[in-house]
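With the hints as extra help, turn the sequences into a complete structure.
Read top to bottom, the protein sequences are chains A and B. Heads up: the first sequence begins at 2 in the working numbering, then just goes up one per residue. Heads up: the second sequence begins at 382 in the working numbering, then just goes up one per residue.
Source of the hints: derived by calculation from the structure; they are not laboratory data. Note that the coordinates shown come from a computational prediction; the quantities given were computed from them, not determined experimentally. The beta carbon of each residue, even a glycine, is placed where N, CA and C say it ideally should be. Don't take each hint at face value.
[As the list claims (entries may be wrong)] Residues of chain B clear of chain A, computed beta-carbon distances all greater than 10 angstroms: (1) Gly414; (2) Val480; (3) Val531; (4) Leu537; (5) Leu542; (6) Arg547; (7) Phe595; (8) Ala603; (9) Ser607; (10) Leu621; (11) Leu629; (12) Arg646.
[Stated by the list, open to error] Between beta-carbon pairs, the in silico distance windows are: (13) A/Arg310 - B/Phe543: 29 to 39 angstroms; (14) A/Ser275 - B/Leu436: 53 to 63 angstroms; (15) B/Val529 - A/Ser275: 42 to 52 angstroms; (16) B/Gly566 - A/Trp318: 31 to 41 angstroms; (17) B/Asp502 - A/Phe198: 56 to 66 angstroms; (18) B/Leu436 - A/Glu197: 55 to 65 angstroms; (19) B/Gly640 - A/Asp235: 37 to 47 angstroms; (20) B/Phe543 - A/Trp318: 41 to 51 angstroms; (21) A/Val143 - B/Thr519: 56 to 66 angstroms; (22) B/Leu542 - A/Asp191: 34 to 44 angstroms; (23) B/Pro559 - A/Trp318: 32 to 42 angstroms; (24) B/Leu658 - A/Phe201: 21 to 31 angstroms.
[Claimed, not checked] Looking from chain B toward chain A, a few residues come up when the C-beta cut is under 8 angstroms (computed): (25) Leu416; (26) Ala454; (27) Arg465; (28) Val466; (29) His474; (30) Lys475; (31) Gly483; (32) Leu494; (33) Gly497; (34) Arg498; (35) Pro500; (36) Gly511; (37) Leu644; (38) Leu650; (39) Val657.
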Amino acid sequence: MRTKAAGAAFTLVLLAAPWVFSSSLGLNLLTQMGIAAIVCLSYNILLGQGGMLSFGHAIYSGLGAFAAIHALNAAVLPVSLVPVVGGLAGAGVALLLGWLTAQKSATTFAMVTLGLGELVAALAWLLPQVFGGEAGVSGNRVAGASPFGITFGPQLQVYYLVAAYTLVCTGLMYAFTRTPLGRMLNAVRDNPERVEFVGFDARRIRFMAVVIAGFFAGIGGGLAALNFETVTADVLGSQRSGAYLLFTYLGGSGHFFGPVVGAVLMVLANVLLSGITKAWLLYVGLVFIAMVVWVPGGVVSLAGRLRWRDVPRYAAWALAFAGFAAMVEMVYQLQLRASLGSELRFLGLALDAASGWSWAGAVAVLVVGGVLGMRK
Amino acid sequence: MEFFTLSLLNGLSYGLVLFMLSAGLTLIFSLLGVLNLAHASFYMLGAYVAYSLTLVLGFWPALLLAPLLVGLAGAAFERYVLRRVHAHGAGRHKAEMLVTFGLATVLGELVQLAWGRGPVDYRVPEALAGPLFTLWGTPFPAYRAFMVLVALGMWLALWLLFTRTRTGLVVQAALTHPDAVQALGHNVPRIFMLVFGGGAALAGLAGVVGGNAFVTEPGMAATVGSVVFVVVVVGGMGSLTGALGASLLIGVLQTFAVGMDMLSRFAPLLPYLLLVLVLLVRPQGLWGRRAD
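See the structure below:
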């Protein structure tokens with residue numbers, strides 16, 4: 002019942018969002034969030050459902066994106082079906098590589114996916130005919146027939162294409178969790194020995210999960226190719242794979258909709274936070290560590306944990322974090338933007354990285370916040 | 382002959398730096414069961430700390446102090462972060478792996494915060510700057526020989542520690558039978574902290590020795606990071622001999638490939654191709670005993 006309600010709410014949000022955030026930045030962010038949601042949900046088939054920590058998920062989304070942009074340029078399919086080519090490419094590559102990675106579980110799986118991710122990323126630079134080298138491969142989505150006047154020129158039309166794919170893929174991935182295979186995947190995560198003992202092949206189940214995850218990741222990549230109309234080799238890099246891991250977990254890998262929240266955070270961090278501060282990845286990393294230590298359930302589990310009497314303590318920790326961040330921003334100002342002088346604005350305050358007062362203030366805020374936060 | 386000998390020497394010395402890195406990684410893994418994804422970041426930290434210490438104290442004190450400081454940082458991380466996560470007892474060390482992944486991200490950013498985004502001028506010490514000998518007109522740097530000595534010394538020390546001393550026995554026993562070792566009066570959490578700190582210190586030492594031979598820059602952790610994981614899988618998870626063998630193999634293979642016109646383009650791929658090959662033919666690794 003709760004998931005039905007969540008599904009209905011999700012559909013409604015997807016359909017109505019562009020009317021609320023109708024600016025071009027808003028539409029762009031929403032489109033990217035839809036795409037990221039598909040990829041993070043596909044990542045969670047491995048992480049949350051199968052207990053597999055993959056460091057090579059960008060292989061599937063990235064190669065899906067390349068396949069899609071080549072399909073777009075070949076112009077043999079309607080544009081709206083191009084992402085499916087990405088999906089098939091992702092699944093195809095997963096058939097090949099998944100067979101290698103799925104031999105192993107847990108730790109070795111993580112290391113092997115890391116190695117294969119590097120292999121594919123390095124390969125992309127060696128084959129500029131296919132991957133376009135530095136410049137990447139570009140395409141033009143306003144091509145071919147335009148049924149009902151849909152050209153995919155305006156961002157709104159691209160958004161609705163993405164929203165449609167997001168809805169269908171989310172529905173399919175949710176349905177997958179209910180299939181016997183999806184259930185067996187949970188069993189493989191929790192107790193592979195017992196699964197083997199009952200007569201199932203844990204490796205085969207992991208393998209099938211990798212292929213399914215590869216398919217949906219490829220669809221996400223294909224949609225990204227349509228949205229940006231250009232694909233460069235960075236989409237295959239280990240940083241991209243790391244970002245999927247980080248934000249899927251931050252959103253919450255134990256709950257079906259957790260990765261969707263993670264995807265929203267990912268786009269917000271990548272587009273908005275990175276515009277505000279150069280140290281954004283440091284903050285994301287620290288928040289990630291704090292979440293692994295204190296809130297393993299991710300952001301979606303926070304709602305159930307919040308208690309009013311804890312609010313002052315959270316506020317104190319936020320204050321301490323602000324003091325720390327002020328220091329980080331001052332160091333960055335001195336280190337990376339020294340030519341712009343030592344003055345900077347932080348949360349509406351004017352700070353001067355060269356002045357002892359600014360530092361004393363930041364330290365004071367950090368200490369006061371920390372002391373208040375540690376009080377029971 | 383000339384090409385062969387020089388490539389072999391260079392390959393072996395690069396391989397030994399890889400070994401210094403993978404030794405700490407494989408030790409932490411086999412003793413704690415935790416795959417430390419921040420291991421290469423400790424290597425980077427070692428190089429940067431050594432660079433700063435060299436400016437103040439000179440190279441030789443830095444060679445001693447930098448690994449110590451990195452080891453302390455590693456021990457502190459184990460004590461205050463990893464131990465809490467460990468206490469959750471989440472399935473198969475996934476949470477521990479995740480938290481070290483977060484640490485790698487944070488350390489990468491902190492290094493840029495402290496030392497900037499470009500490379501730093503970390504040089505080999507004056508005394509070792511010259512060539513050791515000249516082969517067919519090509520000088521062989523004395524510093525490379527020094528790297529070989531440090532790595533071999535480290536391997537010997539580890540081997541002696543784990544096979545010939547009481548401490549080594551207790552540490553090994555604490556892995557398989559933590560409760561029994563605890564009951565005998567040893568402080569098992571402290572042993573874990575020391576092992577993690579020790580592994581980080583080994584990575585730091587590799588950074589001190591490798592940072593000036595190669596380049597000390599914020600991307601250096603990523604450059605060696607995945608190769609080191611390949612070394613550990615190819616050699617066999619948790620096997621020190623495997624780490625040594627696979628490091629030398631990959632070091633030599635890559636150096637030879639770089640030197641050959643036909644293969645030089647594919648040199649960066651070689652470690653990963655070797656990984657695929659080993660997984661297909663001998664999934665437990667070349668020197669590994671357990672199949673996972």
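Tested hints:
Look at glycine 414 of chain B: its CB is around 8 angstroms from the nearest CB on chain A, not clear of 10 angstroms, so calling it non-interface is violated. Valine 480 of chain B, annotated as away from the interface, has a beta carbon of chain A within 10 angstroms; the closest lies near 5 angstroms. The Cβ of valine 531 of chain B lies farther than 10 angstroms from every Cβ of chain A, with a closest approach of about 26 angstroms, so its non-interface assignment holds. Every CB of chain A is more than 10 angstroms from the CB of leucine 537 of chain B (nearest about 27 angstroms), matching its label as outside the interface.
For leucine 542 of chain B, the shortest C-beta to C-beta distance to chain A comes to about 24 angstroms, beyond the 10 angstroms cut-off, and the non-interface label holds. Every CB of chain A lies more than 10 angstroms from the CB of arginine 547 of chain B, the least distance being 29 angstroms, so the non-interface label holds. Listed as a non-interface residue, phenylalanine 595 of chain B keeps its Cβ farther than 10 angstroms from every Cβ of chain A; the least gap is roughly 18 angstroms. The claim that alanine 603 of chain B is not at the interface with chain A is violated, since a C-beta of that chain comes within 10 angstroms of its own (minimum 7 angstroms).
Residue-level check failed: serine 607 of chain B sits 5 angstroms from the nearest beta carbon of chain A, not beyond 10 angstroms. Here leucine 621 of chain B stays apart from chain A, with its beta-carbon at least about 17 angstroms from theirs, past the 10 angstroms limit. At roughly 18 angstroms from the closest C-beta of chain A, the C-beta of leucine 629 of chain B stays outside 10 angstroms, upholding its exclusion from the interface. At the 10 angstroms boundary, the C-beta of arginine 646 of chain B falls inside the reach of chain A, the nearest C-beta of that chain being 6 angstroms off.
Restraint check, arginine 310 of chain A to phenylalanine 543 of chain B: a C-beta distance of roughly 51 angstroms breaks the suggested window 29 to 39 angstroms. One distance hint, 53 to 63 angstroms for the beta-carbon pair serine 275 of chain A and leucine 436 of chain B, is violated here, with the actual separation near 32 angstroms. Between valine 529 of chain B and serine 275 of chain A the beta carbon distance is about 43 angstroms. The supplied range of 42 to 52 angstroms therefore holds. Between glycine 566 of chain B and tryptophan 318 of chain A the beta carbons are some 39 angstroms apart, a value that agrees with the proposed interval 31 to 41 angstroms.
Remark: the range hint 56 to 66 angstroms for aspartate 502 of chain B to phenylalanine 198 of chain A is upheld by a beta-carbon distance near 60 angstroms. One distance hint, 55 to 65 angstroms for the beta-carbon pair leucine 436 of chain B and glutamate 197 of chain A, holds here, with the actual separation near 57 angstroms. The hinted range of 37 to 47 angstroms is not satisfied by glycine 640 of chain B and aspartate 235 of chain A, whose Cβ atoms lie roughly 30 angstroms apart. Look at phenylalanine 543 of chain B against tryptophan 318 of chain A: about 42 angstroms separates their beta carbons, and that is inside 41 to 51 angstroms.
For valine 143 of chain A and threonine 519 of chain B, the hinted distance range of 56 to 66 angstroms is satisfied, since their beta carbons lie about 59 angstroms from each other. Look at leucine 542 of chain B against aspartate 191 of chain A: about 37 angstroms separates their beta carbons, and that is inside 34 to 44 angstroms. The hint said 32 to 42 angstroms for the Cβ distance between proline 559 of chain B and tryptophan 318 of chain A, and at roughly 33 angstroms that hint holds. Our hint of 21 to 31 angstroms for leucine 658 of chain B and phenylalanine 201 of chain A holds, since their Cβ atoms are close to 29 angstroms apart.
With 8 angstroms as the threshold, the beta carbon of leucine 416 of chain B comes within range of chain A, its nearest partner Cβ sitting at about 5 angstroms, so the hint holds. The beta carbon of alanine 454 of chain B comes no nearer than 14 angstroms to any beta carbon in chain A, farther than 8 angstroms, and the hint placing it at the interface is violated. For arginine 465 of chain B, the interface hint holds, since its Cβ comes within 8 angstroms of a Cβ in chain A; the closest pair sits about 5 angstroms apart. Because the closest C-beta pair between valine 466 of chain B and chain A is about 6 angstroms apart, less than 8 angstroms, the hint holds.
Hint status for histidine 474 of chain B relative to chain A: holds, with the closest Cβ pair at about 7 angstroms, below 8 angstroms. Interface restraint check for lysine 475 of chain B: the shortest CB-CB distance to chain A comes to about 6 angstroms, inside 8 angstroms, so the restraint holds. A cut of 8 angstroms between beta carbons decides the hint on glycine 483 of chain B: the least distance to chain A is about 4 angstroms, and the hint holds. Taking 8 angstroms as the C-beta cut-off, the interface hint given for leucine 494 of chain B holds, the closest approach to chain A being about 5 angstroms.
Here the hint on glycine 497 of chain B is kept, as its CB sits about 5 angstroms from the closest CB of chain A, short of 8 angstroms. Annotation: interface hint on arginine 498 of chain B holds; nearest CB of chain A at approximately 7 angstroms, less than 8 angstroms. The restraint placing proline 500 of chain B at the interface with chain A is violated, with a minimum CB-CB distance near 14 angstroms, outside the 8 angstroms limit. Given hint, glycine 511 of chain B at the interface with chain A, is violated; its Cβ is 35 angstroms from that chain's nearest Cβ, farther than 8 angstroms.
Because the closest C-beta pair between leucine 644 of chain B and chain A is about 12 angstroms apart, greater than 8 angstroms, the hint is violated. Annotation: leucine 650 of chain B was flagged as interfacial toward chain A, and the flag holds, the nearest CB pair being 5 angstroms apart, inside 8 angstroms. At a threshold of 8 angstroms, the smallest CB-CB gap from valine 657 of chain B to chain A is about 6 angstroms, leaving the interface hint in force.
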